[in-house]
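Chemist: Below, each chain spelled out in residue letters.
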Amino acid sequence: MIGDFSVGKTSLVSRFVRQSFSEKYLTTVGVKIDTKMVELDKDTVKLILWDIAGNDALTTTAISYLRGSAGYLLVVDSTRLPTWESALHLRQAVATQIGDKPFVMLLNKTDLQEQWELDNELIQNYISQGWHILHTSAKTGLNVEVAFTTLANLMIPA
Amino acid sequence: MSSDDDYSKLRSLLLNPEFERFSQLEHRLDDPKQRVQELLPILPTALQTCSETQLAAALHPTVEHCVKQSVRQDPHSYVKALLPVMAPLLRKNIAEAFKTLREFLGQQQQQLAQLEQRFEQLEQAKIAQLQTQVTQMEQEVVTRLHTLETYFDTSQTFAKHVADILPEAIQRANSESDAQGYDSELSKVLRQPVEQCIKQSVSQHTQDFADAIFPVMGPAIRKSIHEAFKALLQSINRSIEQSLSLKGLLWRIEAMRSGRPFAEIVLQKTLLYRVEQVFLIHRETGLLIRHLHQEGIGEVADSDAVSAMFTAIQDFIRDSFSADKKAELDSVELGDYVVWLERGPYAVLACVIRGVAPFDFRELMRTLLEFIHAKYNPELEHFSGDNAPLEPCGSILERALQSQPKADGGRSQLYTVLMLGMVGLAFGGLLFSWGYVYLQYHQRLKDYVATLNHTPGIIVVDEQYTYGGVILRGLRDPLAPAPADFLEQFHLSSDDVQSNWSSYQDLSPEFVEKRLYLWLKPPATVKLSVRDNILYISGLAEQVWIDKAMSVVGMFGIVEVRSELLDRAGFLEQKAREWLSPPNTVNLKVLEDILYLRGHAPLSWKDRATQVVTAVPDLKQVDLSELLDTDSFLLQQAKLLLAPPEQVDLTVKNAVLTLRGRLDSAHFEAITKKLPELKGFTKIDDGYLLNEEQIQKLLQTAESNFIHFVDDVQMVSNQEAKLQALLTTLQSLIVAHRQAAIKFQVIGYSDGTGTRVYNLELSERRAQTIFDWLIAHGIPKDRLITVYPVTISSDEARPDVSQRKVGIRVIRTTL
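Chains A and B supply the protein sequences, listed in that same order. The first sequence runs contiguously to residue 159 in the numbering used here. The second sequence runs contiguously to residue 2310 in the numbering used here.
FYI, nobody ran anything at the bench for these hints, they're computed from the structure. A quick note: this is a predicted structure, and the numbers were derived from the prediction, not measured. Warning: the hint list may mix true and false statements.
Quick list of the computed label-pair ranges, beta carbon to beta carbon [as the list claims (entries may be wrong)]:
hint : chain 1 : residue 1 : chain 2 : residue 2 : range
1    : B       : Pro-1884  : A       : Leu-82    : 45 to 51 Å
2    : A       : Thr-60    : B       : Ser-1670  : 54 to 60 Å
3    : A       : Lys-140   : B       : Asp-1659  : 50 to 56 Å
Selected chain B positions facing chain A (Cβ under 10 Å, derived; list incomplete) [claimed, not checked]:
hint : residue
4    : Glu-1779
5    : Thr-1780
6    : Asp-1797
7    : Met-1804
8    : Phe-1805
9    : Ser-1815
10   : Lys-1820
Even for Gly, the Cβ is constructed at its ideal location relative to N, Cα and C.
My request is simple: use the sequences and hints to build the entire structure.
Modeler: Below you can see the structure in the form of structure tokens.
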């Protein structure tokens, strides 16, 4: 999981994954590992989820954590436009590091409709480019399962 | 009304400033911020001024509660440091205190209100009075206000006042919380400051705290040290035990060589280490390839998450602490555990070890990792999450899941096995021998009891076998043998057997007899026996005793007494009979102590019979006058029966009848026919009883029967029949002559021509021919003999052909 500070990465997952380690790992080690079982059409897949501490740019530690990943989730705080920018930058950096791995972009905090700051047109643009973008809410749980399922389907070789 | 106006004006004039001041003061007092501001500086002073004991007493329960809670909930931070002393923030509490103050002020206000009323009342009164009164009031008020102001202005007094009420306020707060059962606001608020206070205090006065805590912690620490040392001691003990073994000596050498203390070597070599978990982690992705763990270990929460986190931590540590970002994490120590990591190009092997692992375990890890890389290189290189191809790694990794005390080589293992085996054998042998001994003992007890049970007169009713022996209950006839007598036979002692015998009378004949003997006390000449509940008495006894004996009917189960008692004569007879054991040809009788024997008996017996007097003392004499010896008797019998003529001589010796004599046929036949009728003879020898008539006939035949020869030793042609006839005759003669000796002379003759010598020799040869023939045809050699003829003619001119012959002469010995 990649994203800026406080975009809701941890909140997104905390309800839906198996928590083996406590939150403080994020602040100490910079990553918190969780696991999640996802049921797909044909099989069941176990996702090892590396929740990387939030940053607007890619840190060296994050880079090493990214190594070997099969895919990633890009999280954006819909109520803060700067996080959208960071996400794009992060995406670039990640792509440089690990190559063109499948990813899903999550526009979080959808429940806070009135504070929406993102440009819908731009979003559509990216969607048409082939990006998988979902509106999620950690609070309501909207689309969280879908997010994982989508990513899992993308990661499994066809 | 002017006075009213005046009054109000005056009132307002006089009181306004005061009101102003009042309201200022009120305002001051009302404004919590202001109040707090004012309080803040003086509070410490107040606290200090406050009587220590009072304050302490008041604070005590709260603080105690706080401290306990705190320590319980967050011991770590608490123990780590005591933050600087409580900041001045007894807000809420002060609020409470101020509530009191407020009340107090409220009261004051009330009083002032009352004053107002009074003012109005005094309106009626003179203004002057009022004035003075007001002045007075004012003054009073003023002073009181002044007091209040100064009260709140001067830190000292304010502080003192706060100090006075502070303990009570705190106590009040406590009691409230107690009543309501929850943590009081006070304790919640005080918690943090108290915590910090105490932490600071601890860091400043560590010794005091340590001293205070030590009595409790001391023993706990000591105990755990003790336990640790015990464990250590145990392992050192083991090592000392082993130090005498070859292994121990080798270790000593190693210790000397490597310079490490012997105990350390021992620890290293004997301490158990246990590899509890093994992780094979893909290096690049942090994904878990394979995870193995010992049975009995709880499964690690989520091994995938753990291995990923592990990878993350490795990265983190390397990035954070390694200057060149090249160094890698090799081991992680964590209490009892240590995690060792070995890196390969594609995979990392992590082993969670409990205890002290030997250094060469790392070698093993390296070897295994290399092996896995060698064998599964392509799978590892292209690993992307699918474990299936690498499933077989498990068997390789199993080798890392060790959990044994180090055994250096098969030798020591063998030694251990041997030792164990020997101990086991010894123990087993011990058990077995003990068991055997015990079984034997038990068997002996059983045999003893069985023997007792089979002994007449002892009946075992109950037998209880215990570990130490047997407890018996039973019945015993007093006349029966003592059970204790049997003990030795079975190698038992009286300690082994506890018995409880009740007496009874056995009614078996054996015992009845014994009892009767004791009861009747028969004389030596009497014999008692009991059969089928009948008493048989035999022997010789006085009449008195006989009567007594007859009276035992009904005792001991006796139903009848049969007396076989003899009178004297009969008794003596019996005795004599017993001693002599006479043959049935002898008749025995005792009359007046004299033994009369009649009949016949062998001489030897007769001789012995004379001794009977000495054998049976009561016999005075033995009369043998009418006792014949058997031989004479038999002879008599024989003569009677056979009625032999005088030629026959009959003798009997030792019951053997011998007949000798020559009889004519008639008599011979008669006697021979009667012989089988003779009885009582052991043998009848009639070998010398001859039928003379027959013999004479035969003799004549034999002697008149010549065998003729043609020439030399050639017989005349038809002599075969003659020879046969001769043979028969001779044989008959032998038979008829029985035991008496009879011999035949074979005499040859010659015709007279030739010289004497020649003729003799020729006759001899002729005789020899016949002799040979007869021998060849069965005549015994000892009965035949060849002889020269009595007369021999020689040199005759003409041969006497009839003399070319051989004849027989019969020689008989006299009887």
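Chemist: Against each hint, give a clear statement of whether it holds in the structure.
Modeler: Tested hints:
| no. | hint | verdict |
| --- | --- | --- |
| 1 | B/Pro-1884 - A/Leu-82: 45 to 51 Å | holds, 47 Å |
| 2 | A/Thr-60 - B/Ser-1670: 54 to 60 Å | holds, 56 Å |
| 3 | A/Lys-140 - B/Asp-1659: 50 to 56 Å | holds, 54 Å |
| 4 | Glu-1779 | holds, 4 Å |
| 5 | Thr-1780 | holds, 3 Å |
| 6 | Asp-1797 | holds, 5 Å |
| 7 | Met-1804 | holds, 4 Å |
| 8 | Phe-1805 | holds, 9 Å |
| 9 | Ser-1815 | holds, 8 Å |
| 10 | Lys-1820 | holds, 8 Å |
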